[in-house]
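2 protein chains.
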Amino acid sequence: MSSSKNVVIGLAGLGTVGSGLVQLLKDNAEEIEQRTGKKIFVKYVAVRNTNTKRDIPEGAKLIDNPLIMVDDPEVQVVVELMGGLGMADILIRQALEKGKSVVTANKALLAEKGEELFALAEEKNLSLAYEASVAGAIPVVQTLKDSLAGNKINTIFGILNGTSNYILSEMSAHGTEFGAALKTAQDLGFAEADPTLDIDGFDAAHKLKLLIRLAWGVHYPYEKLPVQGIRDMSAMDIAFARSLGYSIKLLGQASRVHEEIEAGVSPVLIPEKAMLARVDGAFNAIHINGNAVGSLFLHGLGAGSLPTASAVLGDIMSLMKDIYDSTGYVMEKLPLAPMANPDKTEAPWYLRLMVHDTVGVLRDIAGIFAKHSISIAQVIQKKKQEDGVPLVFMTHETSVRAMKDALHEIEATKILNCRPVAFRVLELV
Amino acid sequence: MSSSKNVVIGLAGLGTVGSGLVQLLKDNAEEIEQRTGKKIFVKYVAVRNTNTKRDIPEGAKLIDNPLIMVDDPEVQVVVELMGGLGMADILIRQALEKGKSVVTANKALLAEKGEELFALAEEKNLSLAYEASVAGAIPVVQTLKDSLAGNKINTIFGILNGTSNYILSEMSAHGTEFGAALKTAQDLGFAEADPTLDIDGFDAAHKLKLLIRLAWGVHYPYEKLPVQGIRDMSAMDIAFARSLGYSIKLLGQASRVHEEIEAGVSPVLIPEKAMLARVDGAFNAIHINGNAVGSLFLHGLGAGSLPTASAVLGDIMSLMKDIYDSTGYVMEKLPLAPMANPDKTEAPWYLRLMVHDTVGVLRDIAGIFAKHSISIAQVIQKKKQEDGVPLVFMTHETSVRAMKDALHEIEATKILNCRPVAFRVLELV
Numbered sequence: 000m001s002s003s004k005n006v007v008i009g010l011a012g013l014g015t016v017g018s019g020l021v022q023l024l025k026d027n028a029e030e031i032e033q034r035t036g037k038k039i040f041v042k043y044v045a046v047r048n049t050n051t052k053r054d055i056p057e058g059a060k061l062i063d064n065p066l067i068m069v070d071d072p073e074v075q076v077v078v079e080l081m082g083g084l085g086m087a088d089i090l091i092r093q094a095l096e097k098g099k100s101v102v103t104a105n106k107a108l109l110a111e112k113g114e115e116l117f118a119l120a121e122e123k124n125l126s127l128a129y130e131a132s133v134a135g136a137i138p139v140v141q142t143l144k145d146s147l148a149g150n151k152i153n154t155i156f157g158i159l160n161g162t163s164n165y166i167l168s169e170m171s172a173h174g175t176e177f178g179a180a181l182k183t184a185q186d187l188g189f190a191e192a193d194p195t196l197d198i199d200g201f202d203a204a205h206k207l208k209l210l211i212r213l214a215w216g217v218h219y220p221y222e223k224l225p226v227q228g229i230r231d232m233s234a235m236d237i238a239f240a241r242s243l244g245y246s247i248k249l250l251g252q253a254s255r256v257h258e259e260i261e262a263g264v265s266p267v268l269i270p271e272k273a274m275l276a277r278v279d280g281a282f283n284a285i286h287i288n289g290n291a292v293g294s295l296f297l298h299g300l301g302a303g304s305l306p307t308a309s310a311v312l313g314d315i316m317s318l319m320k321d322i323y324d325s326t327g328y329v330m331e332k333l334p335l336a337p338m339a340n341p342d343k344t345e346a347p348w349y350l351r352l353m354v355h356d357t358v359g360v361l362r363d364i365a366g367i368f369a370k371h372s373i374s375i376a377q378v379i380q381k382k383k384q385e386d387g388v389p390l391v392f393m394t395h396e397t398s399v400r401a402m403k404d405a406l407h408e409i410e411a412t413k414i415l416n417c418r419p420v421a422f423r424v425l426e427l428v
Numbered sequence: 000m001s002s003s004k005n006v007v008i009g010l011a012g013l014g015t016v017g018s019g020l021v022q023l024l025k026d027n028a029e030e031i032e033q034r035t036g037k038k039i040f041v042k043y044v045a046v047r048n049t050n051t052k053r054d055i056p057e058g059a060k061l062i063d064n065p066l067i068m069v070d071d072p073e074v075q076v077v078v079e080l081m082g083g084l085g086m087a088d089i090l091i092r093q094a095l096e097k098g099k100s101v102v103t104a105n106k107a108l109l110a111e112k113g114e115e116l117f118a119l120a121e122e123k124n125l126s127l128a129y130e131a132s133v134a135g136a137i138p139v140v141q142t143l144k145d146s147l148a149g150n151k152i153n154t155i156f157g158i159l160n161g162t163s164n165y166i167l168s169e170m171s172a173h174g175t176e177f178g179a180a181l182k183t184a185q186d187l188g189f190a191e192a193d194p195t196l197d198i199d200g201f202d203a204a205h206k207l208k209l210l211i212r213l214a215w216g217v218h219y220p221y222e223k224l225p226v227q228g229i230r231d232m233s234a235m236d237i238a239f240a241r242s243l244g245y246s247i248k249l250l251g252q253a254s255r256v257h258e259e260i261e262a263g264v265s266p267v268l269i270p271e272k273a274m275l276a277r278v279d280g281a282f283n284a285i286h287i288n289g290n291a292v293g294s295l296f297l298h299g300l301g302a303g304s305l306p307t308a309s310a311v312l313g314d315i316m317s318l319m320k321d322i323y324d325s326t327g328y329v330m331e332k333l334p335l336a337p338m339a340n341p342d343k344t345e346a347p348w349y350l351r352l353m354v355h356d357t358v359g360v361l362r363d364i365a366g367i368f369a370k371h372s373i374s375i376a377q378v379i380q381k382k383k384q385e386d387g388v389p390l391v392f393m394t395h396e397t398s399v400r401a402m403k404d405a406l407h408e409i410e411a412t413k414i415l416n417c418r419p420v421a422f423r424v425l426e427l428v
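Same order as they appear, the protein sequences are chains A and B.
Residue 350 in numbering that gives the first Met the number 0 sits at position 351 of the first sequence, with consecutive numbering throughout.
Residue 26 in numbering that gives the first Met the number 0 sits at position 27 of the second sequence, with consecutive numbering throughout.
No lab work stands behind these hints: they were computed from the structure.
Virtual Cβ for every residue (Gly too), placed ideally from N, Cα, C.
Treat the hints with care, since some could be wrong.
[Claimed, not checked] Ranges between beta-carbon positions, derived for each pair: (1) B:K272 x A:E408: 34 to 42 Å; (2) A:K370 x B:P225: 18 to 26 Å; (3) A:E32 x B:K97: 25 to 33 Å; (4) B:G85 x A:E57: 46 to 54 Å; (5) B:A28 x A:K381: 55 to 63 Å; (6) A:K370 x B:P270: 26 to 34 Å; (7) A:K272 x B:G85: 39 to 47 Å; (8) B:L243 x A:G178: 37 to 45 Å; (9) B:G83 x A:E122: 44 to 52 Å; (10) B:I375 x A:R418: 56 to 64 Å; (11) A:K52 x B:P225: 45 to 53 Å; (12) A:G14 x B:G36: 34 to 42 Å.
All chains should be built: construct the whole structure from the sequences, respecting the hints.
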């Protein structure tokens, strides 16, 4: 139900991203209200076919003409997730004309026909928010617009298309040729039946055009961007590049050189040790260099239902602040954290014990570990050093309490030459 | 001079970050005005000793009592860069009381005594902005507050202290012991004469406290955080860890586990292939996992004059938007980009030519390269394959024009079996 405590939105499009948004509005409703003090009420969901059964938010009306939401004065924000250059364009234009802010993930529309829409939003003093349009869940729009606002940006390099990156990662990992890697990507849902937009570099170019706009406040016509895709990529070149110490990535690049913008999308060799070269699979990443910030690197999921919806929802919530003038958490005083007992924290452990070089030491230590239910994953005994024999253990998940107790007991046996060293292990992917 | 087109600020503190801010306000004045339509006017600069000669902005008054700026109704934003828990606390409190928003980089103050200040800001409906307090130039405050606002955050891991990370990187790269690495860090200005705050983990804990606040909207008392530093770190353990495939990093960690917050700062083993393990030197990095965004990784400079000032300036500019209600670029229509001629772009190149297996081919190709002033860095000739002999070249910087002309000429000689493959090389550090 709508009330003054709600922000009322109209949602156009219930595909991958639209469904993700509906799910997030449900799953994270508590967090949204905690941060903003308001609920988000979806009054309309526009889809092409209203006869199909859909999972839509409680109280929402299913409509097949998205322009209905524009004519409803109660709707404050129009969320355009239909895609395409036709109806989406009309919807956004009319929404702005009627005083509604817009959130969109439509990179193609903004890159190819966006300048008029941006001008209209500025003229009406409304927001046209599009974080989800560039690199999915990576907050690069906000970073360039706000966090780095006081910088002269020098360069932006980005892996901006997850499909191409997945294909190149596949080719690199398994030595497969382009056609086979594309087929795998299609079978797994990482590439569309018609993959042109992704593999020929146009999708990356859409995003690059928007990044240039954000970084330098200029309009670089999309159709003027030099674009080369990965359709002709050969496994042989990936292998040669690797033998020279490089990975091949499809990169969007833009630099300011002598007051000119040098920009384009193309496959590029990147040194294997650089973070950009280590961006694998469906991930995106962006490397920004500015005269104040220096080098900044952002890495995250560039597509997918929930990651993209995360960016859409972030934009909606930023608008809610503008609409209601509240910032951050609405509570004046935050509640005390429910602090976990640190002793109960579980992790694998690295242990180093410097022991006397006598018979039975390992047996005694292992016995104490067993008593405290500490399971050992690896043991390394190194050769004797000045202050004893180093015994290194890697354990399975063990609580801080169990580890403390076991070490205490080991120390009491007087078989150690120095205090034990114990660090937790973080098993990241 | 102040006018309605200015935002008037008072700057307290002219140390590393304060001086960086003064430099940015000068160097990037054009960008600031282009984005906001306003100038930033510094009316006061408060320093301890007003007799020393200082580089301060034109028109600013040098004062030794920072509270003077609080009593001037013209000052809209107080920028606190003095540090410490004493006068900074008083200044921020009084500024908020008198209706001025505050920007600060004072992580110690916010972590140890911040709850009252945050409550006061919320009560007065003012901003207390602190992007520069956590991980320097990395926009993690804004990311958690806005971009990821619609997420349930699961975990945050961060390398939050550049000094410790520099020391650990040194120990790892050269096998040096802690004492020697600390001395190097001090000699190079990466560590202070009294390094306690950094190497004993307290600085990282200050930042972790603020991250927990941002991620979960709860107050985790700073003094309750379990903290272990790197003072006792031994080169031997770094070597053992490496032999097991891990790097040791000082990590701030926080997770929501069964509705409890599990948090702390300690040295941790991280798999070498993980991006967090590859954060070297004075860099910081933060890894966030949320239920919508998935995995997000942010990497940048965690300290230093300009990087930290970049974050301070970003906060000031965000406030300017609030104060004047303008968003993004103020122009309705952005100017056309000064597009560089793509043919003039220079880069090193990777070239693969499939040539006939005949005498003189390499000589002919090398001759054409020389004619177009293309300098070769590496040549690899591979053994004959089905469609010819692969000749791989890595060139020095060459323009697209020269490369196109040379390849055109090579193709005309009919010594190639297939079209040449040419990709640019990006020499990232």
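Status of the hints after comparison with the structure:
With their beta carbons about 35 Å apart, B:K272 and A:E408 fall inside the hinted range of 34 to 42 Å. In this structure the hint that A:K370 and B:P225 lie 18 to 26 Å apart at CB holds, the actual value being about 25 Å. Roughly 32 Å separates the CB atoms of A:E32 and B:K97, a value that falls within the hinted 25 to 33 Å. Checking the proposed 46 to 54 Å range against B:G85 and A:E57 shows it holds: the Cβ atoms sit about 53 Å from each other.
Hint check: B:A28 to A:K381, Cβ distance near 60 Å, so the stated range 55 to 63 Å holds. Between A:K370 and B:P270 the Cβ separation comes to about 30 Å, which falls inside the hinted range of 26 to 34 Å. For the pair A:K272 and B:G85, the beta carbons lie near 45 Å from each other, so the given range of 39 to 47 Å is met. Under the hint 37 to 45 Å, the C-beta atoms of B:L243 and A:G178, about 40 Å apart, fit the expected range.
Range check, B:G83 to A:E122: about 47 Å between beta-carbon atoms, so the 44 to 52 Å window is met. At about 58 Å, the beta-carbon gap between B:I375 and A:R418 stays in the expected band of 56 to 64 Å. Look at A:K52 against B:P225: about 51 Å separates their beta carbons, and that is inside 45 to 53 Å. The given range of 34 to 42 Å is respected by A:G14 and B:G36, whose C-beta atoms sit roughly 38 Å from each other.
In summary, the structure agrees with every hint in the numbered list given earlier.
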